[in-house]
Amino acid sequence: MTRKKRRLYTLLAGMGVLGVAAALVLYSFEDSLVFFHSPSDLAEKPVPAGRSFRLGGLVEEGSVEKDGVIIRFRVTDLAESVPVTYRGLVPDLFREGQGVVAEGKLDENGLFVASNVLAKHDENYMPPEVAESLRDAGHWQPEGSN
Amino acid sequence: MVAEIGQFSLILALIAALLQGTLPLYGAHRHNMQLMNFGGNASLVQFLFLTVAFIALTIGYVTSDFSILNVASNSHSLKPMLYKISGVWGNHEGSLLLWVWILALFGFAVAAFGKNLPGSLKARVIAVQGLIGVGFLLFVIFTSNPFERIDPAPFDGRGLNPLLQDPGLAFHPPFLYLGYVGLSVTFSFAIAALIEGKVDPAWARWVRPWTLAAWGFLTLGIALGSWWAYYELGWGGWWFWDPVENASFMPWLAATALLHSAIVVEKRDTLKNWTILLAIVSFSLSLLGTFLVRSGVLNSVHAFASDPTRGVFILIFLVAVVGGSLLLYALRAPKMKGGGLFAPISREGALVLNNLLLSTATATVLLGTLYPLFLDAFTGAKVSVGPPFFNSTFLPLAIPLVIAIGVGPLLPWKRADLRGVLSRLKLAVLSIFVILGLTWWLADGGPFLSLVGMAIFAWLLVGALVEWAERIKLFRTGFGNSWRRMVNLPRSAHGMTIAHVGVALVVLGITAAETWQSERLEVMKPGESADVGGYTYLFKGAEQIKGPNYDSLQGTFVVSKDGREVVTLYPEQRVYANPPMETTEAAIYPMLSADLYAVIGEQDGKGGYATRIYHKPLISWIWIGSIVMFIGGLFSLSDRRFRIGAARRKQVPSGSAA
Chain A
1 MTRKKRRLYT LLAGMGVLGV AAALVLYSFE DSLVFFHSPS DLAEKPVPAG
51 RSFRLGGLVE EGSVEKDGVI IRFRVTDLAE SVPVTYRGLV PDLFREGQGV
101 VAEGKLDENG LFVASNVLAK HDENYMPPEV AESLRDAGHW QPEGSN
Chain B
1 MVAEIGQFSL ILALIAALLQ GTLPLYGAHR HNMQLMNFGG NASLVQFLFL
51 TVAFIALTIG YVTSDFSILN VASNSHSLKP MLYKISGVWG NHEGSLLLWV
101 WILALFGFAV AAFGKNLPGS LKARVIAVQG LIGVGFLLFV IFTSNPFERI
151 DPAPFDGRGL NPLLQDPGLA FHPPFLYLGY VGLSVTFSFA IAALIEGKVD
201 PAWARWVRPW TLAAWGFLTL GIALGSWWAY YELGWGGWWF WDPVENASFM
251 PWLAATALLH SAIVVEKRDT LKNWTILLAI VSFSLSLLGT FLVRSGVLNS
301 VHAFASDPTR GVFILIFLVA VVGGSLLLYA LRAPKMKGGG LFAPISREGA
351 LVLNNLLLST ATATVLLGTL YPLFLDAFTG AKVSVGPPFF NSTFLPLAIP
401 LVIAIGVGPL LPWKRADLRG VLSRLKLAVL SIFVILGLTW WLADGGPFLS
451 LVGMAIFAWL LVGALVEWAE RIKLFRTGFG NSWRRMVNLP RSAHGMTIAH
501 VGVALVVLGI TAAETWQSER LEVMKPGESA DVGGYTYLFK GAEQIKGPNY
551 DSLQGTFVVS KDGREVVTLY PEQRVYANPP METTEAAIYP MLSADLYAVI
601 GEQDGKGGYA TRIYHKPLIS WIWIGSIVMF IGGLFSLSDR RFRIGAARRK
651 QVPSGSAA
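Residue numbers (full-length UniProt numbering), protein chains in the order written: chain A, 1 to 146; chain B, 1 to 658.
No lab work stands behind these hints: they were computed from the structure. Just so you know, even glycine gets a beta-carbon here, dropped at the ideal spot from N, CA and C. A hint or two may mislead.
[To be verified] If you want the footprint, here are the derived chain B segments under chain A, 3+ residues with CB under 8 Å:
#1 378-392
#2 582-590
#3 608-620
Given only the sequences and the hints, what does the whole structure look like? Please build it.
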């Protein structure tokens with residue numbers, strides 16, 4: 001085996017692996033990219049029912065209702081709000097008036113059925129997307145909120 | 001007073017680092033022994049000043065000196081002592097101080113242990129180490145000063161995030177940093193080799209212990225982090241493909257590739273350019289990891305409040321380090337010629353395959369981690385790339401890699417006969433059928449992936465042991481003879497077997513935990529019971545208890561199997577006062593066969609409590625396997641070839657050193 005031949009083989013193997021990887025990436029990007037929308041985005045440009053996305057905003061004051069392990073609340077960006085239902089234990093930092101990100105799908109009635117609810121580790125932390133969507137809705141006070 | 005001592009020490013350390021980063025480089029260029037030797041002394045001075053700074057901050061924390069802003073915002077006088085101390089690195093400023101301190105420690109270690117390194121190489125390595133230190137010290141002093149004062153000093157501190165008040169997390173950052181920063185040494189060696197224009201087997205032998213140490217610490221650090229997420233976050237998951245997790249996983253993947261390619265350089269004097277590139281990439285990924293975690297650009301479950309302005313500095317630093325080193329690589333690498341030839345089916349071939357798969361896997365993880373950033377920057381669309389992406393790109397690359405681990409070590413160098421090797425693995429093939437039968441029988445079939453995982457586990461475990469048994473001629477010669485062979489086998493050979501067995505155990509744990517776990521989520525009233533995974537959980541009730549700095553709702557579950565009591569679990573829902581925050585403390589009873597996992601949630605107002613119970617078969621093996629991998633690394637590290645005599649450069653007639 002000559003040096004040239006070896007280089008060719010290594011190159012071919014490398015291209016092969018990269019090709020497979022590229023195919024895998026393209027194939028799985030199709031349905032594993034999860035978009036983020038705020039309630040205002042949804043009011044502007046509705047997302048079809050059954051499509052997964054992340055919904056973020058604040059948990060609306062006075063909207064939380066618990067029924068056993070099912071929790072219902074509204075996510076708001078102080079302009080629009082969306083009803084959410086979730087079956088499971090909500091994270092420790094989930095509370096009214098706090099930032100939240102819910103992953104899930106809309107059903108036919110416009111109810112957001114969450115498969116996962118994320119609140120953050122830190123009481124002062126605001127998910128960047130939520131901060132931005134609140135700023136867009138004109139309700140964000142950057143500093144001094146703590 | 002303490003803060004001022006710390007501050008001065010930081011500035012003096014910066015000066016020492018500046019001198020360490022420049023004079024030896026110049027000295028090596030001009031063949032000036034005095035300037036070259038200066039690097040070692042400077043690294044000691046830098047290390048000592050940083051030690052003083054680190055101790056100063058620790059004293060600030062231990063004595064609760066709230067006139068220091070950093071202490072006031074992250075500590076509290078009521079906090080237990082362990083967390084006062086771990087609080088030193090539980091925040092941005094302190095963790096960076098820990099980072100530079102370890103960096104200086106490693107720089108000094110190169111000077112202290114590198115007695116048999118050629119003078120110019122050693123001087124250059126220490127200088128590059130010093131330059132990295134300059135970058136980080138500037139960052140600490142100008143953007144993240146831990147010694148900043150606050151006036152007036154508050155009466156008490158704001159407290160440490162309670163999720164971080166945990167023994168697992170107290171030790172997670174130091175181990176991770178030992179790994180991240182350990183890769184800085186391999187990076188410095190790579191840059192020094194590029195400047196010298198020379199890479200040879202001796203170079204690989206000097207670099208390997210550092211790579212091994214960094215890799216071992218990274219393994220342990222990542223395992224600790226995943227263990228923490230598993231029991232502290234109360235979601236029962238152990239890996240989320242979260243950007244911050246990926247940030248530590250990418251350097252690990254690259255370091256694993258580097259570990260293997262350095263063997264080829266050492267034994268066969270080839271794959272040199274590739275190894276140098278890997279060393280650069282591994283450290284760049286460590287820097288990128290720091291950048292991702294500390295700048296707050298990525299939305300992550302682990303992202304603690306952080307400041308984007310600092311990101312700009314790290315980004316510039318990153319561009320300088322990565323851009324500079326890649327430029328140097330582009331200029332110098334083509335001059336280094338590869339050595340021995342090999343057939344595609346050979347030990348070298350297998351290691352090339354290992355490297356191809358590992359680096360491609362690293363690339364897919366990198367793409368998935370950074371894609372949301374790019375998309376946001378260019379189109380403004382907010383997306384997240386979740387576990388489905390990583391599962392469908394990483395797994396198909398990881399599976400062939402893991403299968404190859406079973407064959408690779410049996411292949412001889414240069415040229416191998418694959419059929420002959422496979423025939424020696426009859427036992428491993430047989431074990432696949434045995435385990436598939438067993439799995440089918442015990443788990444009633446189950447998902448297809450679980451069968452794949454179990455087959456890989458058996459293949460890998462038996463394959464690694466067969467290779468080891470062959471080397472010591474177990475059962476082929478007298479037992480005494482085998483014993484003597486085992487004792488005489490180099491430690492690194494044992495290390496490899498142990499590490500590969502560790503991988504097999506991790507595969508076992510992942511497969512079982514991901515495919516056979518059961519979960520039950522419901523409201524339970526005292527006296528009710530639930531059956532999960534063959535165990536009966538009797539809920540006795542819940543009561544309020546008081547901890548040192550929190551109040552807690554504690555539930556009691558008596559777990560039994562076939563009428564025999566196994567354990568009583570006490571999950572908690574804690575409310576901390578400083579900072580005000582609730583945390584879920586899952587109660588976990590780990591066994592080798594399965595983990596019993598209970599979480600208690602809020603009251604429903606009708607006498608019931610939301611509860612979540614998991615049965616996680618064999619999940620402990622993920623962490624046991626990681627520890628076994630770490631032990632394998634330690635075994636290799638203790639190989640005497642890395643310490644004694646052998647690591648001496650062959651004399652090359654001057655002029656041919658290209």
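Verification of the hints:
| no. | hint | in the structure |
| --- | --- | --- |
| 1 | 378-392 | holds (count 9) |
| 2 | 582-590 | holds (count 3) |
| 3 | 608-620 | holds (count 3) |
This entry satisfies every hint, going by the numbered hints stated previously.
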